[in-house]
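Visitor: Protein chains in written order, with our numbering: chain A, 1 to 252; chain B, 1 to 230.
Be careful, since some hints might not be right.
Computed cross-link-like contacts, DMTMM-like style, restricted to lysine to aspartate or glutamate with a CA-CA straight-line distance of at most 25 Å [what the hints assert, rightly or not]:
no.	chain 1	residue 1	chain 2	residue 2
1	B	11	A	71
2	B	201	A	251
3	B	122	B	157
4	B	64	A	71
5	B	64	A	247
If you only want the chain B side, here are some residues facing chain A, beta carbon under 10 Å, derived [as the list claims (entries may be wrong)]:
no.	residue
6	51
7	72
8	73
These are calculated hints, taken from the structure and not from any lab test.
Please read these numbers as outputs of a predicted model, since none were measured by experiment.
Note that the Cβ used here is the ideal one computed from N, Cα and C, for glycine as well.
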Amino acid sequence: MKKLYKFFLVLLAIQAGYIIYLIDTQFFHIIFTESTIYGRNSLVFGITRLIRYTSLFIFPFLFLYSWFSEETARTNYQLYSLPRRNSVHVKSKMAAVLTLGVIWLIGWMIFASFEGVIRSTYFPYRYSSGPIPLMQHLYNIYNRYFQNVGNLFVLMGIASIVTGCVQALKRYRLVAGTVVFIALNAVYIFVITPFLIRTYEAVIIYAIRDFAQSHFLLSIYLISAMHDAVLLLSGIACIYLGFYLFERFSEV
Amino acid sequence: MLVQVNDIRKKYPGIWALNGVSFGVEKGKVLGVLGENGAGKSTLFRILASITRPTNGTATVMGKPVGYETRKVTAFLPEVNPFYGWMRVMEQLEFLAEFYPGWDMDKSRELMSFLSIEDNVKIGTLSKGQQAKLKIVFAFSWPAELVLMDEPLGGIDPPARNRIINTLFGEFRFGEQTIIMSTHMVSEVEELLEDVIYMKKGKIVLSGSADKLREEKGTSLVGIFEEIAG
């Protein structure tokens with residue numbers, strides 16, 4: 001079980017690395033390009049964004065850890081013999097981890113409230129803000145506060161299904177868990193993420209470089225909002241599928 | 001019958017751990033499930049505790065199919081230590097008390113005193129024997145209708161086993177609790193067992209009232225166990 005747990009941690013790390021590579025290398029490419037125009041302000045913004053996104057992976061890690069440690073310590077005997085449905089245990093753990101996620105989000109909200117001021121103070125733009133500061137500000141709030149909620153739910157959904165599969169099986173747990181993990185990531189990375197990247201590119205290039213095209217920005221915001229809604233709903237669906245697997249198949 | 005098991009089978013990859021087990025236990029009886037390692041005793045206990053699902057067959061407790069409803073009336077002591085090592089003894093008991101109706105914390109303290117367990121030490125620092133005693137505290141702190149004890153004496157010092165088990169059954173048992181116990185240490189519990197099941201390779205090879213079996217075979221339960229084990 002320890003080996004299985006460590007293996008999934010490695011998979012999780014690869015997942016984090018690959019998604020960050022996909023999103024943030026392209027993001028940084030733009031940032032570095034823009035940095036020649038806008039200075040270190042953009043670079044600092046990119047670094048904080050990277051940290052924010054990377055820290056998301058703590059939560060599926062905590063969820064996987066909490067389950068595998070129960071099996072390793074044999075405390076799953078106690079857990080499953082409590083007079084509650086099996087899915088209650090997994091729901092409780094998910095709720096605990098998501099609560100930490102909310103605390104994390106609030107922390108970022110507080111930080112983000114000051115981040116712009118700090119960046120502007122120490123790394124001022126060479127140009128003044130554009131003609132639509134309110135729109136830009138609203139998008140920044142939306143982007144920083146809510147976009148990662150969708151990503152958090154997708155990652156937790158993947159962790160939920162993988163853990164449910166591993167719990168449900170007695171044989172080929174490693175193979176099945178890995179296949180499900182890779183398949184779900186493929187959907188996430190190759191279907192959802194490219195869309196995310198294109199949105200970012202459009203937002204960054206047009207929002208920063210050309211503030212005049214406000215009508216175009218609005219359509220980008222709407223696309224971005226739809227994308228986040230899809231992420232959130234997909235994540236919730238995956239989480240519930242994991243719950244179902246626990247209720248239906250899990251045993252000691 | 002408080003417990004009724006009908007043709008239970010359980011398959012693990014490459015092996016049938018249980019292969020058609022059927023029996024019934026009347027309320028208030030003490031049933032011994034005896035057999036060598038790999039006989040299927042622990043799997044049977046896990047199915048009765050509803051933490052493992054049978055591949056085929058049915059099991060009921062108080063007329064209800066085993067499930068989360070029957071866990072409300074079943075105290076399960078697995079062979080392993082199921083407690084959280086980072087919790088202190090009293091914290092663990094208070095945690096469990098939240099889930100089980102009629103938990104008597106005063107009785108828990110009495111049991112801990114009798115079994116010489118300190119309440120403020122972390123469970124991870126307890127010896128194997130003390131952890132086994134803590135499982136017994138859990139089993140007798142609330143009025144479970146059914147107590148499933150899988151190798152309850154493992155780790156407890158040999159001289160203390162007999163005294164502990166006799167005192168527990170004599171003084172700390174809640175009324176007519178039905179007890180199903182598996183053990184290798186048949187001689188330690190021989191006097192307490194009213195009914196016995198002998199298991200071998202996932203099947204029941206002999207069952208009946210302890211007195212009747214002793215009379216029929218002309219030897220003690222230990223003798224029968226050794227005979228079956230071959």
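Visitor: Decide, hint by hint, whether the structure agrees.
Guide: Each hint tested on the structure:
no.	hint	verdict
1	11/B to 71/A	20 Å, holds
2	201/B to 251/A	22 Å, holds
3	122/B to 157/B	21 Å, holds
4	64/B to 71/A	28 Å, violated
5	64/B to 247/A	19 Å, holds
6	51	4 Å, holds
7	72	4 Å, holds
8	73	8 Å, holds
Violated hints amount to a single one, hint 4; each of the other numbered hints is respected by the structure.
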